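Number of protein chains: 2
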Amino acid sequence: MLKDRTRTLAYMRAIMENPHLFAGKTVLDVGCGTGVLSMFACKAGAKKVYAVECSKIVDQAREIVKRNKYDDVIEIIEGKMEEVELPGPVDIIISEWMGYFLFYESMLDSVLYARDKWLAPGGLIFPDKATLYVCAIEDAVYKKDKIDFWENVYGFDMSCIKNLALTEPLVDEVDAEQVMSDTVPVLQVDVATVTKEQLCFAAPYTLTAARSDFVHAIVSFFDVSFTHCHKPVTLSTGPYTHATHWKQTVLYLDRALAMEAGETVSGTLACRPNSKNPRDLDVAASYSFTGRNGSFSNLLRYRLR
Amino acid sequence: MLKDRTRTLAYMRAIMENPHLFAGKTVLDVGCGTGVLSMFACKAGAKKVYAVECSKIVDQAREIVKRNKYDDVIEIIEGKMEEVELPGPVDIIISEWMGYFLFYESMLDSVLYARDKWLAPGGLIFPDKATLYVCAIEDAVYKKDKIDFWENVYGFDMSCIKNLALTEPLVDEVDAEQVMSDTVPVLQVDVATVTKEQLCFAAPYTLTAARSDFVHAIVSFFDVSFTHCHKPVTLSTGPYTHATHWKQTVLYLDRALAMEAGETVSGTLACRPNSKNPRDLDVAASYSFTGRNGSFSNLLRYRLR
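As they're listed, the protein sequences go chains A and U.
Take 13 as the starting number for the first sequence in the working numbering and just add one per residue.
Take 13 as the starting number for the second sequence in the working numbering and just add one per residue.
It is possible that part of the hints are untrue.
It does not matter which identical chain is meant; a pair holds if it fits inside one copy or across any two.
To be verified - Quick list of in silico lysine-lysine cross-link-like pairs, DSBU-like style, CA-CA up to 35 angstroms: (1) Lys156 / Lys243; (2) Lys60 / Lys288; (3) Lys55 / Lys288; (4) Lys92 / Lys174.
Don't read these hints as lab results, they were simulated from the structure.
Quick caveat: nothing in here was measured; it's all calculated off a predicted structure.
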């Protein structure tokens with residue numbers, strides 16, 4: 013993850029360019045991993061950093077913090093955020109909690125728990141805003157490779173696997189040239205106030221074709237922003253910026269829509285944890301399109317697992 | 013896996029070009045997946061195919077076999093090879109059992125079990141031979157990216173992770189130009205006779221530098237062969253042939269060896285399941301080198317997990 017420079021440099025800027033926010037403050041790092049964000053906070057002048065991590069990487073974090081001589085400021089705490097005790101409230105929470113499609117295997121629940129239990133009134137969260145976007149893409153080549161492939165596999169008909177593949181959002185890099193519509197936000201998350209319940213959402217979207225082309229898929233991606241910074245920092249995972257390890261999430265449609273420039277397709281994007289396996293995400297996307305080349309609508313169900 | 017054409021086409025050729033071996037025969041497919049090998053066997057004239065699979069893909073396999081009208085010949089059996097019952101012995105066992113480094117998460121144990129319990133005397137196994145090879149490579153660029161990276165991570169010293177990374181064999185594609193020695197077999201497996209115990213091995217190797225260059229890593233890869241075919245078929249996963257999903261397995265050394273053309277490096281490659289977690293493989297590689305540029309030796313331990 014550290015090798016994702018776009019990601020790490022955004023956090024580095026957000027923290028280290030703002031020593032006026034960190035100097036003398038108490039900081040909580042939720043899911044500290046190797047401890048890199050905690051060390052950024054030290055460099056920005058934090059007085060104390062509690063770095064909480066429940067995976068075995070915590071052993072490396074301890075050694076790294078010691079070797080870099082931050083063990084007088086950073087206290088590594090092994091355990092789940094929901095179960096550990098801190099000596100008192102903190103001024104700032106920092107966390108890199110985002111998953112694929114923003115929410116898949118994300119640690120946001122733990123951040124919200126930490127916020128409600130440990131953040132002092134007026135305290136700050138880094139990042140404090142997240143936005144989920146959608147756009148429409150043309151993807152004839154990949155769809156042929158990844159979906160239609162199953163119609164004729166070495167001479168055999170395996171289209172039952174095609175149907176299964178269609179229900180799996182594909183985490184992949186989308187080329188900017190494939191995007192054939194505008195990009196619109198479908199969900200804005202204020203990390204300072206959002207509740208866990210609000211993360212199950214159903215949000216409408218309307219996309220307008222920027223050119224005449226086919227739509228093979230709806231693509232989703234996210235931004236997170238650090239708006240408390242003197243010069244706000246945004247980490248974007250969209251197709252127009254530097255690639256990140258989050259890539260984009262591609263929801264293939266059951267049919268190609270032949271759209272003319274200026275025509276619109278509307279629908280709803282919905283998401284919630286799977287009831288049997290809460291680590292999985294159930295995603296539903298509806299679309300409704302009426303244009304010169306026909307009128308089509310459907311409700312498609314996907315599962316991120 | 014089906015998208016690995018090199019793999020699937022090798023099996024396709026081995027089976028479908030040899031109807032004289034399959035016509036009227038009873039076949040067992042160990043770990044049938046989507047059922048593609050079983051259907052190849054049908055096309056080659058098999059009278060009956062038992063296709064055993066313990067994962068949930070078995071539901072798709074059933075539907076695929078039915079849709080392609082082989083359900084009168086292929087009997088899909090859900091379960092572990094070690095637990096299922098067949099009506100009687102089989103003439104041929106087919107299986108795609110190979111894992112990374114040949115043995116990692118491989119199904120060879122199940123194939124050997126099936127061989128001992130169900131293969132008729134004189135029966136055939138596809139593939140029937142496997143060979144593990146090693147060669148030495150120059151890999152300055154990747155080593156810098158993947159290993160030395162940890163020495164300075166955004167200004168922090170994380171070299172404890174470097175030490176950890178050095179113990180993890182890297183499954184990656186090696187360019188043929190990186191290979192700077194000859195390629196030698198270290199283990200030959202006769203699937204018809206090998207025992208499970210013989211798969212824990214320690215085998216010597218000697219590699220000769222083909223040019224003056226640095227050695228950063230020992231690379232391992234494998235071939236499997238179908239020697240019963242009229243025209244023997246070999247599926248190779250080495251750096252000189254078409255890439256496969258198995259790629260190659262790279263064992264980084266603790267130091268770069270500066271070898272002159274014609275000099276040799278010797279050692280032993282050993283492998284066995286980890287005693288606590290038998291899905292993991294413990295791999296040990298020793299090297300001993302004396303050349304114009306010094307004399308070095310060590311025993312390195314890796315774990316494939």
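Evaluated hints:
no. : hint            : in the structure
1   : Lys156 / Lys243 : between (44 angstroms within a copy, 34 angstroms between copies)
2   : Lys60 / Lys288  : neither (40 angstroms within a copy, 39 angstroms between copies)
3   : Lys55 / Lys288  : neither (44 angstroms within a copy, 41 angstroms between copies)
4   : Lys92 / Lys174  : between (39 angstroms within a copy, 26 angstroms between copies)
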